[in-house]
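All chains should be built: construct the whole structure from the sequences, respecting the hints.
For the protein sequence lines, the chains are Y and D, in the order given. Residue 148 is where the first sequence starts when you use this note's numbering, and the numbers rise one by one after that. Residue 12 is where the second sequence starts when you use this note's numbering, and the numbers rise one by one after that.
Just so you know, the hints here were simulated from the structure itself, not pulled from any lab data. All clues stand as given, with none of them false.
In silico DMTMM-like cross-links for lysine to aspartate or glutamate, where the CA-CA straight-line distance does not exceed 20 Å:
| no. | chain 1 | residue 1 | chain 2 | residue 2 |
| --- | --- | --- | --- | --- |
| 1 | D | K104 | Y | D273 |
| 2 | Y | K328 | D | D166 |
| 3 | D | K114 | D | D27 |
| 4 | Y | K190 | D | D55 |
| 5 | Y | K339 | D | D166 |
| 6 | Y | K272 | D | E73 |
| 7 | Y | K339 | D | D162 |
| 8 | Y | K328 | D | D162 |
| 9 | Y | K190 | D | D57 |
| 10 | Y | K241 | D | E103 |
| 11 | Y | K241 | D | E73 |
| 12 | Y | K188 | D | D55 |
Every beta carbon over 10 Å from chain D, so not counted as near; a handful from chain Y, in silico:
| no. | residue |
| --- | --- |
| 13 | E181 |
| 14 | E197 |
| 15 | Q253 |
| 16 | N270 |
| 17 | R306 |
We put the beta carbon where it would ideally sit given N, CA and C, even for glycine.
Chain by chain, the residues:
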Amino acid sequence: MSFINYASREINCKIVYYGPGLGGKTTNIQWIHEKTRADAKGKLISLATETERTLFFDFLPIELGTIRGFRMRFHLYTVPGQVFYDASRKLILKGVDGVVFVADSQEARMDANVESVSNLQGNLKDQGYDLAKIPYALQLNKRDLPSAVALAELETALRIKDEPVFEAVATNGTGVFETLKSIIKLVLKDLKSR
Amino acid sequence: MVILEADHEIFVGLLDTILAEANAGYVFLVDKSGQQIAATGKMDVDSTSLASLTAGVVAATEGLSSLIGETRFSTLFHEGEEQNLHISQVGEKVILLIIFDEKSSLGLVRLRTQQYLPALEEAVAEVVNRSQGDVRAAATLSSSAFAEISDEDIDALFG
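Structure below.
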């Protein structure tokens, strides 16, 4: 649910990074945090376990500039990927404007990817959203690993509509900002068309 | 949700009253998706992070309440050594956070919250009802926002 504040001339939107555990959602957010100018970003908050697995969420606010006098602010969240944190994932989707699905390209994680897409569909539905309609981008992460599945195979298994697809290596930033720009554009175009 | 300048003035007016009458340090209104609506007080605090974490706490507590079959926990209290947090729900979509220290007390904060909650709920309900309609319809109430954003504007954000 976008948030327009005429008093402070701000438009805030919420983007959630979703996907299976250890797929690179937090790494995406960390890269964005690292490479964004200090005056355009807020504090990166990570609610993680002692072993740095996301427990509840990561949160990063960024500001992109102004459109027609409104500051455009985006709140980026990740969900915990591990299967048993489903209750938390549901909560974080509340008020979402756009979703990035971060898939793990490794062959051994194919089932986890497919299960997570299905979980996303179900959890969005529970919050009153339809994945077929919500702004959505698919990021195929870990493309540098030798066990990465062929692109076409991943797309066949994971693509659910005409969403943009990005190959990524989040640890070195490949594809990270391309994915972010894409989802932001989709979100703004969606809000504009409503 | 669309907050117009007039809404903001009403919210800040109510929050200022609560701040003064509860002897609080900071009073903050946030929506359940983690967006700040209005705030007042002199504390130096990262309000964006505060909004997100407050929404997270409330969301987690709602999850807990449904697990044990409770409708909701309407109030949360976090007691610190110097600062305390009092969190209450304003209708279904908004959260009121009050930060206070030894200059106030839990009883006083609760009293003022109960006293001003109906007025806050009424103001919030008006905003929520309007925001559930068309964003553009709401935008026409003030200078336009989304309705006039062009594809070029969006592209220009990325230089």
